[in-house]
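Asker: The residues making up each chain are set out below.
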Amino acid sequence: MIRPLIVLVLSLLFALPAAANPALRAVIDANLDQIEKPSRRTVEPLVADLAATGPEGLALLSAWADRSLGVTEDGRLLIVRGDAATDAVTGQPVPGADPRMLRPNSGVRGVIESALVANEISSPDPARRAAALARIARDGTADHLAALRAAPPEKDPALAAQRDRATSLLAIRFDPDPASRVAAIESMAGDVGLDFRAVLNPLLATTRIAAADEPADANVARELSIGGDFPREAAVALLTGQGVLQPRLTPADQRNALAASIVDGTAGGVPVADLSDPAARDRAYEALEATGTVPPAATDAEADAAIEANRFFEIYAEPDRAVTDAARAAERGAQVRLAAMAGIDLGLDALSMASIYFLAAIGLAVTFGVMRVINMAHGEFIMMGAYTGYTVQTLIADRTLSLVVALPLAFAVTFGAGVVLYRLVIRHLARRPLETLLATFGVSIALQQLAKNIFGTQARPLTAPAWLEGAITVNDVISISSIRVAIFVLALLFLGLFLFIMKRTRLGLEVRAVTQDPGMAASMGINPDRIAMMTFGLGSGIAGIAGVAIGLFAQVTSELGQHYIVQSFMTVVVGGVGTIWGTLAGAGLIGGLSKVIEALNPANALAAQTFMILFIIIFIQFRPRGIIPQRGRAAEA
Amino acid sequence: MTDKLTRKPFILRNPSILVVLAVLSVFTLAVTLLSQAYGSGVIPTSTVKVLGKTLCLALAAVAMDLVWGYLGILSLGQMAFFALGGYLIGQWLMYARTEAIVAASLAGNPIPPTPAELQEGVANQIFGVVGSADLPLVWAFAHSLPIQLALVLAVPGLLALAFGWLAFRSRVNGVYLSILTQAMTLALALWLFQNDNGFRGNNGLSGLQNIPGLDEVDQATLSVWFLWASALALGLAYVLAAWVVSGKFGSVVRAIRDDETRVRFLGYPVEGFKLVVFTLAAIITAIAGALYYPQAGIINPAELMPIASIYLAVWVAIGGRGRLYGAIVGAVVVSLLSSWFTGGRAPSIHLPGYTVNWVDWWQVALGLSFVLVTLFAPKGIAGIVDRLGGILSPRRHGRDLGPDQGALQEQEARA
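Residue numbers (the UniProt record's numbering), protein chains in the order written: chain A, 1 to 637; chain B, 1 to 415.
What the hints contain is simulated information worked out from the structure, not anything from laboratory work. Built from N, CA and C at the ideal position, the CB exists for glycine as well. The reader is advised that the hints may include incorrect statements.
[Stated by the list, open to error] Pairwise CB distance ranges, derived in the manner of DEER restraints:
| no. | chain 1 | residue 1 | chain 2 | residue 2 | range |
| --- | --- | --- | --- | --- | --- |
| 1 | A | I262 | B | A162 | 30 to 36 Å |
| 2 | B | S132 | A | D156 | 54 to 60 Å |
| 3 | A | K452 | B | S132 | 44 to 50 Å |
| 4 | B | S132 | A | D300 | 51 to 57 Å |
| 5 | B | S144 | A | G190 | 23 to 29 Å |
| 6 | B | V359 | A | T394 | 48 to 54 Å |
| 7 | B | A162 | A | L424 | 47 to 53 Å |
| 8 | A | V404 | B | A346 | 57 to 63 Å |
| 9 | B | S144 | A | E308 | 40 to 46 Å |
| 10 | B | I211 | A | L346 | 32 to 38 Å |
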């Protein structure tokens with residue numbers, strides 16, 4: 001049993017030269033040193049040679065790349081898979097071998113894998129084809145373009161699309177024929193992918209030059225004229241850089257040069273005491289320049305003459321005009337589509353912002369409608385809701401469950417607080433809105449400090465459940481976080497709930513009656529005091545819910561309410577008091593506006609808020625009673 | 001016309017003026033004699049500064065009372081004018097002082113500096129903290145004390161005029177107007193918080209306690225001088241305010257507070273009256289700010305967040321609005337109490353199981369006491385004076401006070 005096996009092995013061993021891949025053997029023998037100690041910078045031709053020797057060469061490369069290639073004492077390369085080793089050249093198993101394993105570094109492995117990709121692209125295994133495509137998309141080379149074009153047709157539609165895209169992108173970068181580059185650019189027109197824009201950008205990169213006349217052999221993007229984005233200083237710097245103009249003298253250089261040349265209390269014949277005058281300094285420097293003690297420097301007149309004598313051009317690094325024209329057109333198209341998508345993204349942001357303001361302001365608006373009082377402690381009810389959510393989360397570990405408990409509990413807590421506030425304070429200040437405003441402010445600072453005393457000054461986290469984390473992403477530009485979607489849904493729910501209560505229930509009927517005419521409502525048997533209390537509780541309760549929602553994406557601090565209270569006031573004032581639709585319109589306007597201003601001036605959120613408040617002050621000029629004013633007896637809740 | 005012959009002199013019709021001026025003089029004299037600079041040194045310089053600052057706050061409170069107690073506008077943006085005054089005087093203080101320092105350091109160079117180099121050095125010193133080295137446009141006049149002093153009056157005055165014109169013209173009043181004034185001060189604060197607008201962002205202006213050109217005068221003396229200036233300003237403003245609210249003009253102003261529509265139908269240009277009082281109050285507040293911040297030494301945008309203006313309203317309400325001396329009493333009492341309680345010197349109350357630490361609980365107590373004052377003593381501390389002096393408000397029983405408010409309004413008139 002064993003004998004035939006030994007015979008077989010021996011015969012195979014002796015048959016080795018016959019079955020070998022002579023080209024591969026030659027390459028290995030010539031480069032064994034480099035295979036053992038490869039260098040990232042020099043390994044590329046070797047890898048190309050190995051790959052060119054056929055399937056055995058590719059197998060060797062892939063083993064080398066995943067660190068399963070070993071070298072024996074006598075200089076043979078073995079591929080080690082598990083416990084079995086095979087000869088890299090012959091493919092014969094080598095029992096009992098004890099090779100030294102090669103450990104190429106990641107740079108070398110990158111080169112090897114890149115070379116293998118071309119082969120992988122035709123692999124029968126879709127997963128390997130996908131991996132190869134991903135690799136090409138990450139860092140493609142000119143070789144890959146040829147490999148992609150030579151590869152057999154792709155059957156999988158998704159992979160086929162990916163492959164077409166990768167081919168086009170590589171064609172734009174590496175195709176030697178300008179016509180096919182232009183064709184590739186045009187085939188991708190309208191694409192907004194980051195990769196496409198990354199390919200276009202180097203094509204459109206320009207450098208600035210100064211020349212007496214338009215350079216004939218260069219691809220000129222445009223001629224620059226002084227002013228606008230090409231100030232005079234830039235022109236002077238460009239001329240100096242090209243050696244056309246001597247460097248200009250900076251005031252510091254001038255001062256130092258003069259200071260170094262003070263002789264007997266004068267510099268260049270000008271008394272030192274007079275040198276506080278810039279004109280005197282110029283005179284002194286020119287005198288010194290004439291004697292040769294200081295280096296000459298370009299004067300303003302020289303700079304002017306040089307600017308006059310030269311023209312300034314922006315030159316594309318890419319020499320072919322047809323390609324740059326196509327790239328510029330594609331870039332412009334991409335910009336337009338991007339702007340549209342950014343607009344959609346902005347709209348989503350604004351919508352979520354508006355939902356938050358709506359939730360925060362609706363309670364305020366309803367109480368104002370019914371009682372004509374502004375509750376300055378409304379912000380603290382929002383904070384109270386957020387802290388309720390935080391407290392519940394410390395007691396119930398399960399995030400989803402704690403949220404389910406926290407929402408109604410926050411409503412209950414702030415509803416109670418609202419009713420207490422109404423019974424103790426607001427009822428006694430009926431029809432004195434300014435006093436109510438100040439009294440509720442007193443409550444507000446007391447509650448804020450109380451929260452600080454209980455929960456401390458540091459921010460408390462209110463963590464969203466896992467299914468609310470992350471974002472819904474449409475493409476590179478449009479995405480919205482799940483929490484914001486949830487808040488939007490919550491706002492919609494409360495809009496519906498409020499409309500239902502106001503239009504379809506007895507309570508709503510009575511609230512509307514009291515809003516329109518408390519005296520008449522009272523004589524119809526409605527207790528305005530009770531209605532006012534219920535409304536106040538309801539408004540405060542919704543503030544509590546809003547607090548939980550806000551706490552999910554903002555840190556819970558005792559100042560949480562303060563951040564939203566002014567915006568809530570604005571929402572009520574802009575929208576018009578006492579109507580849900582007014583609040584909705586106000587929230588939409590404020591939310592949309594703040595996002596738009598932020599988008600116009602992204603670096604500066606503070607400026608955005610400033611401009612928004614200014615806008616509101618001016619808006620009030622034209623609609624003093626808000627977007628949807630409450631009109632006489634037809635007023636509706 | 002015959003009325004004019006029988007009218008008593010202005011001072012006699014307002015006995016509170018004499019009382020306030022007398023108290024103010026005695027107070028100033030006493031502090032001076034007890035100060036370190038001019039007297040026995042019983043009162044340390046820091047306390048003199050606190051007292052001087054308190055007088056400035058009282059001055060702002062008088063202006064607030066004009067607007068709220070007499071004109072009926074609950075302005076939640078008064079501190080914007082206060083801080084503007086501080087910023088405008090601070091510009092000169094900081095610029096002139098930095099210029100002196102930079103000039104001294106450049107004098108060591110072999111060559112005297114050019115004006116441009118001097119300015120560059122100053123800008124570097126002032127705006128280095130916000131990563132800028134250029135002098136912004138808003139500092140164009142910072143080198144000149146007379147211009148900055150004029151701006152202290154002009155800028156807040158014009159801001160109040162523009163804001164008031166826009167708001168009054170569109171008949172925004174009541175709670176709406178309060179919210180709008182709050183929005184104005186918030187907008188200004190947020191604007192000042194930015195680093196790139198030339199007011200050093202949230203660093204604010206600092207080193208204002210050093211007066212340029214008065215380097216040899218020590219802080220003890222300066223603090224007394226500022227106390228004098230604050231007392232003088234308060235006295236003058238009190239007389240001016242008392243004069244404004246007495247006489248026919250004052251009657252119209254109070255009538256606007258009580259029923260704006262009716263005054264308008266009687267043919268008075270309501271907007272004009274409101275604008276005059278609102279702007280005057282803004283200017284007085286700005287002067288108070290310009291006196292306050294050199295004593296405080298530092299100003300930053302946090303000073304004009306809406307909460308500061310609301311505190312001003314709280315002082316006036318506790319002191320008693322509609323009484324000018326009430327505003328002073330409220331501002332002095334509440335601000336001194338506040339600094340005493342929050343300064344950590346008030347003794348803690350030891351309850352079984354819990355120690356009430358006033359640093360933590362003063363805000364709560366203040367908020368609640370404020371609710372109680374609004375509920376039970378709407379006239380504030382001045383209400384006690386009224387009761388003692390028998391100057392109760394006229395009995396208006398049975399009179400209809402407005403077109404649509406009905407009998408409920410009577411309660412308010414009494415309150």
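Asker: Each hint needs a verdict: does it hold in this structure or not?
Answerer: Now the hints, each set against the structure:
Checked against the hint of 30 to 36 Å, the pair I262/A and A162/B fails, with Cβ atoms roughly 55 Å apart. Separation of S132/B from D156/A is about 58 Å and conforms to the stated range, judged on CB atoms against 54 to 60 Å. Taken as a hint, the range 44 to 50 Å is violated for the pair K452/A and S132/B, whose Cβ atoms sit roughly 36 Å apart. Between S132/B and D300/A the CB atoms are about 27 Å apart, so this pair departs from the stated range of 51 to 57 Å.
Between S144/B and G190/A the CB atoms are about 60 Å apart, so this pair departs from the stated range of 23 to 29 Å. At roughly 26 Å, the beta-carbon separation of V359/B and T394/A lies outside the given 48 to 54 Å, and the hint is violated. Taking 47 to 53 Å as the suggested C-beta distance range, the pair A162/B and L424/A does not conform, at roughly 41 Å. A beta carbon spacing of about 45 Å between V404/A and A346/B contradicts the range 57 to 63 Å that was offered as a hint.
Between S144/B and E308/A the beta carbons are some 41 Å apart, a value that agrees with the proposed interval 40 to 46 Å. For I211/B and L346/A, the Cβ-Cβ distance of about 51 Å falls outside the hinted range of 32 to 38 Å, so the restraint is violated.
Checked against the numbered hints above, the structure violates hints 1, 3, 4, 5, 6, 7, 8 and 10; every other hint is satisfied.
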